[in-house]
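Chains A and B supply the protein sequences, listed in that same order. Residue numbering for the first sequence follows the working numbering, beginning at 40 and increasing consecutively. Residue numbering for the second sequence follows the working numbering, beginning at 992 and increasing consecutively.
For the record, the hints were derived by calculation from the structure and aren't laboratory data. Take the hints with a grain of salt, since some may be wrong.
[Claimed, not checked] Partial chain A-side listing against chain B, Cβ under 8 Å, derived: (1) I48; (2) I62; (3) M112; (4) Y115.
[To be verified] Computed list of lysine-lysine pairs in DSS-like fashion (alpha-carbon distance at most 27 Å, straight line): (5) A/K179 with A/K238; (6) A/K173 with B/K1001; (7) A/K74 with B/K998.
Because the structure is a prediction, the values reported are computed rather than measured. Don't be surprised by glycine CBs; every beta carbon is placed ideally from N, CA and C.
Below are the chains, spelled out letter by letter.
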Amino acid sequence: MFTPITALIAIIALSIVLIAILIIHPSVTATRGGKILAFVAILILPIVSGGFGVSEHLQRSKTTEFCLSCHVMEDYGKSLHIDDKSFIPAVHYQNGLVPREQACFTCHTDYTMYGDFNAKLRGLKHVYVQYLGKPAQPIKLYQPYNNRECLHCHQNSRSYLENETHTKEPDRLEKMKTNQLSCSTTDCHNIVHRVDQLKDQTFWKEAGK
Amino acid sequence: MTTTATKLEKRLRVAGSLVALGLLVELTTLHWSHPTAFLFFLLLGGTLMGLGILLYLYSLVAGGESKA
């Protein structure tokens, strides 16, 4: 099946073959056709493959597999399989409320790569700590969880807008929208990963895994 | 009779080698879904390809048709 990754590998392979020709017979560049070959092989194709490569890696960085590829995130991956409906990430993951392939990114859209400049720097620091340092225990968010991460899906849903608790006060919805009232740090939806409680949990076994 | 490569041809060989190495690094990182793969791609692969491309562009403007 011809996928973007297949196309990228083909471009890279073609580029390498053409460059090999130039390395073995650099005298071909004496001709007009050889000059064009060199231009395409050394400039155009590498830039195109580099661009596609960056795009591919950026797409991969949104995947659950990518996030959980670091050992320190292992327990967070396990927490998605907790067999308890009160655990918000688990409920979202197990019921397909977030795409399983991008479960982490869907709820943490401003983390490292996808955050501001400081967040990106923190991402680099995480790689450094992963190999040369000691990850913080427990891991904590650098900033309070932004309600935007909940509202980008829930904001227009009837169950959210008409919920009795959400409409208890006339301005409660507006307060949640403006982060004056947190979805997760109040007593309402504060059961999230709880990796320190994993040993006491039972886990849902995902089909095929 | 041996033919000595011109300066331009030597530069093209080096430039091509650098770019090819960068592409091989890129190809390798595509088989690995991990933050380190992305960093290798950008830092190592990108640097090699960048250097190769810059050397190629330099060889275009520098000329260097004299025999080495």
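To see whether the hints hold, each was checked on the structure:
Look at A/I48: its Cβ gets to within about 7 Å of chain B, closer than 8 Å, so that hint holds up. Interface hint at A/I62: satisfied, since its Cβ lies 5 Å from the closest Cβ of chain B, which is below the 8 Å cut-off. Because the smallest distance between the Cβ of A/M112 and any Cβ of chain B comes to about 11 Å, over 8 Å, the interface hint for this residue is violated. The closest approach between the C-beta of A/Y115 and any C-beta of chain B is roughly 15 Å, which is over the 8 Å cut-off, so the hint fails.
Proximity of A/K179 to A/K238 is assessed by CA-CA distance (about 20 Å); at most 27 Å being required, the pair is judged to hold. With a C-alpha separation of about 47 Å, the suggested pairing of A/K173 with B/K1001 is violated against the 27 Å cut-off. As the CA atoms of A/K74 and B/K998 are separated by approximately 15 Å, the hinted pair is consistent with the 27 Å bound.
Going down the numbered hints, you'll see the structure goes against 3, 4 and 6, while the others check out.
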